[in-house]
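J.: Go ahead and model the full structure; you've got the sequences and the hints to work with.
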Amino acid sequence: MTAPVRFGAFLRLRVFLRSLLLQASWNREGMQNLGFAYVLYPALCRLYPEGPARVAALQRHLDFFNCHPYLAAAVVGGALRLEERVAMGEVPAEAVPAYKRALGPPFAALGDAFFWGALRPATGLAGVLVALIAPSARPVWALATFLGLYNAIHLSARAWLFVHGYASPEGVVGALGAVHLPDSTSLIKATAATLAGAVAATLAVAGGWPIQTHHAVRAAIVVIAAYAILPKLGPYFTALAALAVGVAIGVATG
Amino acid sequence: MTRAVQLAIAAVIGGAAAVERKGALQLMLSRPLALGPLLGAALGDVRGGLTIGVPLELLFLGAVNLGATLPDNETIAASCAVAAAVLAGQDTHIGVDETTATLAIALFLPTAVLGRRLERLTEGINRRLAARARATIAAQPARAIRLHLGGLLAPFLAGAAYTGIAAALAPFLAALRRGLDHHLVQGLEIGWIFFLAVCCASAVRAIRDARAPSFAAMASGAIALVTLAVKILHWRSP
Numbered sequence: 001m002t003a004p005v006r007f008g009a010f011l012r013l014r015v016f017l018r019s020l021l022l023q024a025s026w027n028r029e030g031m032q033n034l035g036f037a038y039v040l041y042p043a044l045c046r047l048y049p050e051g052p053a054r055v056a057a058l059q060r061h062l063d064f065f066n067c068h069p070y071l072a073a074a075v076v077g078g079a080l081r082l083e084e085r086v087a088m089g090e091v092p093a094e095a096v097p098a099y100k101r102a103l104g105p106p107f108a109a110l111g112d113a114f115f116w117g118a119l120r121p122a123t124g125l126a127g128v129l130v131a132l133i134a135p136s137a138r139p140v141w142a143l144a145t146f147l148g149l150y151n152a153i154h155l156s157a158r159a160w161l162f163v164h165g166y167a168s169p170e171g172v173v174g175a176l177g178a179v180h181l182p183d184s185t186s187l188i189k190a191t192a193a194t195l196a197g198a199v200a201a202t203l204a205v206a207g208g209w210p211i212q213t214h215h216a217v218r219a220a221i222v223v224i225a226a227y228a229i230l231p232k233l234g235p236y237f238t239a240l241a242a243l244a245v246g247v248a249i250g251v252a253t254g
Numbered sequence: 255m256t257r258a259v260q261l262a263i264a265a266v267i268g269g270a271a272a273v274e275r276k277g278a279l280q281l282m283l284s285r286p287l288a289l290g291p292l293l294g295a296a297l298g299d300v301r302g303g304l305t306i307g308v309p310l311e312l313l314f315l316g317a318v319n320l321g322a323t324l325p326d327n328e329t330i331a332a333s334c335a336v337a338a339a340v341l342a343g344q345d346t347h348i349g350v351d352e353t354t355a356t357l358a359i360a361l362f363l364p365t366a367v368l369g370r371r372l373e374r375l376t377e378g379i380n381r382r383l384a385a386r387a388r389a390t391i392a393a394q395p396a397r398a399i400r401l402h403l404g405g406l407l408a409p410f411l412a413g414a415a416y417t418g419i420a421a422a423l424a425p426f427l428a429a430l431r432r433g434l435d436h437h438l439v440q441g442l443e444i445g446w447i448f449f450l451a452v453c454c455a456s457a458v459r460a461i462r463d464a465r466a467p468s469f470a471a472m473a474s475g476a477i478a479l480v481t482l483a484v485k486i487l488h489w490r491s492p
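These protein sequences, in sequence, are chains U and Z.
For the first sequence, the working numbering gives the first residue as 1, with consecutive numbering after it.
For the second sequence, the working numbering gives the first residue as 255, with consecutive numbering after it.
It should be emphasised that the hints constitute simulated quantities derived from the structure, not laboratory data.
Ideal placement from N, C-alpha and C gives every residue a C-beta, glycine not left out.
Accuracy of the hints is not assured; some may be wrong.
[Unchecked claim] Have a look at the derived ranges for each label pair, beta carbon to beta carbon:
#, chain 1, residue 1, chain 2, residue 2, range
1, Z, Thr256, U, Pro52, 51 to 61 Å
2, Z, Arg465, U, Leu11, 44 to 54 Å
3, U, Arg101, Z, Ala262, 44 to 54 Å
4, U, Pro52, Z, Val367, 20 to 30 Å
5, Z, Ala415, U, Met88, 16 to 26 Å
6, U, Pro52, Z, Ala385, 20 to 30 Å
7, Z, Ala392, U, Gly234, 40 to 50 Å
8, U, Gln212, Z, Gly298, 30 to 40 Å
[Unchecked claim] 25 Å max Cα-Cα, derived SDA-like pairs, lysine to any residue:
#, chain 1, residue 1, chain 2, residue 2
9, U, Lys232, U, Trp116
10, U, Lys232, Z, Arg462
11, Z, Lys485, U, Ala134
12, U, Lys232, Z, Gln260
13, U, Lys232, Z, Lys485
14, U, Lys232, U, Thr253
15, Z, Lys485, U, Val130
16, Z, Lys485, Z, Ala471
17, U, Lys232, Z, Ala360
18, U, Lys232, U, Thr213
19, U, Lys232, Z, Ala471
20, U, Lys232, Z, Arg459
21, U, Lys232, U, Ile221
22, U, Lys232, Z, Val367
[To be verified] A short, non-exhaustive set of chain U residues, derived as facing chain Z with CB atoms under 10 Å:
#, residue
23, Phe7
24, Arg28
25, Val39
26, Tyr41
27, Val140
28, Ala178
29, Ala193
30, Ala200
T.: The structure is reproduced here in C-alpha cells:
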C-alpha cells in the first residue's frame with residue numbers, strides 16, 4: 001500500500017489542462033479511452049513508481065469510455081480522487097472503471113443536450129444577430145458575443161465540474177442535479193428559437209423589406225420550403241439546390 | 255504580404271481549426287462564425303471572412319457530433335470558402351461581395367462532405383494508435399500515452415491541405431468572378447438571398463425543439479411588423 005497522498009493544486013491543474021485534449025485520439029472502438037489515460041498520466045506517475053503497479057493503473061483507463069468532452073471534467077475529477085483512495089487502499093481498483101461506466105453515459109446525454117443542442121445554437125445566433133444589426137461595427141463584437149458568452153459558461157462549467165468531481169466523486173451527481181440543467185436547456189432553446197426568428201427578420205429588412213416586398217416574400221417562401229425539405233436532403237444539398245434555383249431565376253428574369 | 259505567405263497562413267490556420275474542432279480545447283474557434291473573421295483578418299479582410307462565416311454558421315448550426323455520428327465538416331468548408339473568397343476578392347479588387355461569396359460557397363461547400371469522410375479515416379488512424387498504445391503500455395508506458403497526441407496530426411494535415419489548396423485556387427475564383435456577365439451576377443445575387451433563406455431555415459431546425467418554429471415565426475413576424483410600422487410613420491411624416 002502506498003503512503004497517504006493528496007494531489008497538490010499544481011498537479012490538479014495539470015490534469016485539468018490535459019483534459020482539454022481528452023478527445024485527441026477519439027476512435028469508434030474505445031472512444032476517449034486513450035485520452036482518459038493521457039489525462040490522468042501525471043497523477044498516476046505521482047501515485048505509483050515506474051513498474052507493474054503504474055502499468056496496471058494505466059491499463060484500467062484504456063477500457064471503453066465515452067462522455068461529453070465538457071462534462072467529462074467531472075468524471076476526470078472524480079476518477080482522480082478515487083485513484084488516490086485506490087493507492088491508499090481505501091477502495092478496490094475496480095471502483096474507478098465502475099465509476100466511469102456509471103457516470104459517462106448520463107453525463108454525455110446531459111452535455112449533448114445542453115451544450116450542443118442549446119447553448120451553442122443560442123450563442124451562435126446571438127453572435128450572428130450582432131453581426132447583422134451592427135454591420136458598421138467591428139466584426140470583433142460578433143466574435144466577442146459568440147465566444148465570450150459561450151466560453152464564459154463552458155469554461156466555468158468545466159472548472160466547476162472538475163473541482164466538484166475531485167472534492168466529492170459520489171456527490172457530483174447531486175451537485176449537477178441541483179443546477180437543473182434540463183430546465184436551463186429548455187429555456188435556452190426557446191431563446192435560440194426567438195433569436196433565429198430575429199435573424200431571419202433582420203436579413204429580410206437588410207434585403208429591402210418592406211420596400212421591396214417581393215424579395216422578402218420570395219425569401220419567406222424559400223425559408224418555409226427549406227424548413228420542410230431539410231430533414232430529407234440535409235443542409236448541404238438543400239443549400240446547393242437553393243443556390244441553383246436562385247441563379248436560374250435570376251438569369252431567367254435578368 | 256506575398257501570396258506564398260498568405261497560402262502558408264491559410265494552411266496553418268485551417269489545420270489548427272481542424273484540430274480545435276474536436277481534438278483539442280473545443281472553444282468554438284473553429285465554428286464558421288469565429289473562424290471566418292479570424293482567417294479573414296489573418297489574410298487581410300476580416301469583413302470578407304464574416305460575410306461567409308455568418309451564413310455557414312447558420313447552415314451548420316445543427317451540425318452536432320453525438321457519440322459516433324459524424325456531421326458534415328463545417329470547419330473545413332468555412333476555412334476553404336473564406337481563404338479562397340478573401341484572396342479572390344483581393345485579386346479582383348472588389349473584396350468579398352455577394353457574388354464572390356456565392357461562388358466561393360458553391361465551389362467549396364462540397365468540402366464539408368469530403369471533410370466528414372476524412373474524419374472517418376482519422377478515426378481509423380486513432381483506433382490503430384489506441385491499439386498500439388494498449389500493446390506497448392507494459393514495456394514503454396510514457397511512449398504509449400504520448401501516442402494520444404499523435405491523433406492531432408491527421409486532422410491538422412487534412413485541414414491545412416484543404417485550406418491551402420482552396421487558397422491556391424483563389425486566382426481561378428477571381429478569373430471566374432471577372433468573367434461573369436450581368437445576367438449571371440444578378441442570378442448569383444438572387445442565389446445568395448435563397449441561400450441565406452435556407453440558412454435561416456436550417457438554424458430553426460438546428461434547435462430540435464417542437465416550439466422552435468412558433469417562437470421563430472413570432473419573433474420574425476414581430477420584427478417585420480415593427481419595421482413596417484416605422485416605415486409607414488416615416489412616409490406619413492412631412
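J.: If a hint holds in the structure, say so; if it doesn't, say that too.
T.: Now the hints, each set against the structure:
1. Z:Thr256 with U:Pro52: 51 to 61 Å: Between Z:Thr256 and U:Pro52, where Cβ atoms are some 57 Å apart, the hint holds.
2. Z:Arg465 with U:Leu11: 44 to 54 Å: holds (46 Å)
3. U:Arg101 with Z:Ala262: 44 to 54 Å: Between U:Arg101 and Z:Ala262, where Cβ atoms are some 46 Å apart, the hint holds.
4. U:Pro52 with Z:Val367: 20 to 30 Å: Given range 20 to 30 Å: violated, Cβ gap about 48 Å.
5. Z:Ala415 with U:Met88: 16 to 26 Å: Distance hint for Z:Ala415, U:Met88 is violated at roughly 50 Å.
6. U:Pro52 with Z:Ala385: 20 to 30 Å: holds (21 Å)
7. Z:Ala392 with U:Gly234: 40 to 50 Å: holds (46 Å)
8. U:Gln212 with Z:Gly298: 30 to 40 Å: holds (33 Å)
9. U:Lys232 with U:Trp116: It holds: about 22 Å lies between the C-alpha atoms, which stays within 25 Å.
10. U:Lys232 with Z:Arg462: holds (15 Å)
11. Z:Lys485 with U:Ala134: Given pair Z:Lys485, U:Ala134 holds - Cα atoms ~19 Å apart, limit 25 Å.
12. U:Lys232 with Z:Gln260: violated (39 Å)
13. U:Lys232 with Z:Lys485: violated (39 Å)
14. U:Lys232 with U:Thr253: violated (29 Å)
15. Z:Lys485 with U:Val130: Measuring from Cα to Cα gives roughly 22 Å; hence the hint holds.
16. Z:Lys485 with Z:Ala471: holds (21 Å)
17. U:Lys232 with Z:Ala360: Within the cut-off at roughly 20 Å; holds.
18. U:Lys232 with U:Thr213: violated (30 Å)
19. U:Lys232 with Z:Ala471: Holds, at roughly 22 Å.
20. U:Lys232 with Z:Arg459: holds (12 Å)
21. U:Lys232 with U:Ile221: Satisfied, since the Cα-Cα distance of roughly 18 Å is no more than 25 Å.
22. U:Lys232 with Z:Val367: holds (16 Å)
23. Phe7: violated (18 Å)
24. Arg28: Constraint on U:Arg28 satisfied, holds at 5 Å.
25. Val39: holds (9 Å)
26. Tyr41: Given a least distance of 5 Å, the restraint on U:Tyr41 holds.
27. Val140: Given a least distance of 8 Å, the restraint on U:Val140 holds.
28. Ala178: Since chain Z brings no Cβ nearer than about 24 Å to U:Ala178, farther than 10 Å, the hint is violated.
29. Ala193: holds (4 Å)
30. Ala200: holds (4 Å)
Checked against the numbered hints listed earlier, the structure breaks hints 4, 5, 12, 13, 14, 18, 23, 28; every other hint is satisfied.
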